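Build the full structure now, drawing on both the sequences and the hints.
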Amino acid sequence: MSVRVQSDPFDPGQELSQFSQLVTGAGAIVTFTGVVRDEDGSLDHMLIEHYPAMTGPAIEAIETQAVSRWDLQASLVIHRYGTLAPGDHIMMVATVSRHRANAFSAAEFLMDYLKSRAPFWKKEFTADGASWVAAKDKDEDALKRW
Amino acid sequence: MSVRVQSDPFDPGQELSQFSQLVTGAGAIVTFTGVVRDEDGSLDHMLIEHYPAMTGPAIEAIETQAVSRWDLQASLVIHRYGTLAPGDHIMMVATVSRHRANAFSAAEFLMDYLKSRAPFWKKEFTADGASWVAAKDKDEDALKRW
Amino acid sequence: MIDVVYFAWVRERIGVPKETLDTTAQTVAQLIEELKAREERYALAFADISALRVAVDQELSTFDAPLAGVREVAFFPPMTGG
Amino acid sequence: MIDVVYFAWVRERIGVPKETLDTTAQTVAQLIEELKAREERYALAFADISALRVAVDQELSTFDAPLAGVREVAFFPPMTGG
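Protein chains in written order, with the working numbering: chain Y, 1 to 146; chain G, 1001 to 1146; chain L, 2001 to 2082; chain D, 3001 to 3082.
Treat the hints loosely; a few may be bogus.
Said to hold, decoys possible - Covered by chain G, according to a simulated footprint, are these stretches of chain Y (three or more residues, beta-carbon under 8 Å): (1) 11 to 18; (2) 25 to 35; (3) 106 to 112.
Calculated from the structure, these hints are not laboratory results.
In this text, all values refer to a predicted model and were calculated from it rather than measured experimentally.
Note that beta-carbon positions come from the ideal geometry of N, C-alpha and C, so glycine has one too.
Structural data, given as structure tokens:
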């Protein structure tokens, strides 16, 4: 189980290579990588703020739940903060389980919780100015299925 | 959209690195990697047989469905045949979409179809002899949700 | 003339991966009956067709599929990919 | 004495990321009332608490949470990670 909260970029491929070496006896590896999206070509950059004293422990708590609920052999969460440009990788989740359904469910669960329960806030900067990204009802609703 | 059926090993990390460069404007990349599992430490190796004239077209048909149904920007399926040892990577699926739910659903759909509809057959070799892996009812049932 | 191909334990029971047959069968089911009547190894391989799948010209099909114009029929157990 | 920290637009409205307060508030809700009474910028930031979330000692909490023994309270909008 590992959590990394960092301003530095990361390489999802390299992370998967390292992560897949943790797999012993497990059959299924799932990864999710989030990429900064430029909805309509107007995004200059994004600033991600977080709550350093809370971020790590909050993600660890989420990960601990996922590991026990879906019997994961290993899990990884990476989340960036600071300045990101369109196309940059924001975050990544990886899970390993004996069975594919568990690996998929755990990765989706982690994503849903990171969206709405990990203390990150995004501010978008466009030619028209800056604005905080509002939380989406559907992201909050996504938690209800777990 | 790409399909590779090969006996050579592949590196999931390197595949994800290359695949993630196809992402333009999309927000979510999901990968699934299947690893040869050694249920009880008795597996020596596995032999995967396939139907060369059918395998590529069958997977392409599945992928075409996934791309249109979940609005994927890109997708990748790699599946090995031949001799594999415990811990080897058997196959990999990657999907990219604007939204995470689509990328996850498409990857799970591809996996479920590859399990039961792509013409591969696994034979396991242990100290006690060799036997063909039987299809599981739950894998067939998994198709019903789509 | 039609090519018939076999995979996995079907191939092992029949003993060849592929053969070209001269047949008057109109459907896959009739082809199976013809084969079963031919030799014990076919009778064994096709004893329980609920345990078998068939592809006609490389597409998954059903046992009542017609063979007119078909070049290749494949018999195999349920697939175990992934 | 209690540390109060603010994030995102709450921080921007209040104008500081962190302050240490001497308060007699027994709950988070009472602390908010105390702050709102203090200055316009607080009244603005806390105008609609349904748009806010609170963490007490770095754990997500509720507005009726007691403050006895608490060292840090954080106010912020709903989170947008991922």
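Status of each hint after checking the structure:
no. : hint       : in the structure
1   : 11 to 18   : holds (count 8)
2   : 25 to 35   : holds (count 11)
3   : 106 to 112 : holds (count 3)
Of the hints listed earlier, there is not a single one the structure fails to meet.
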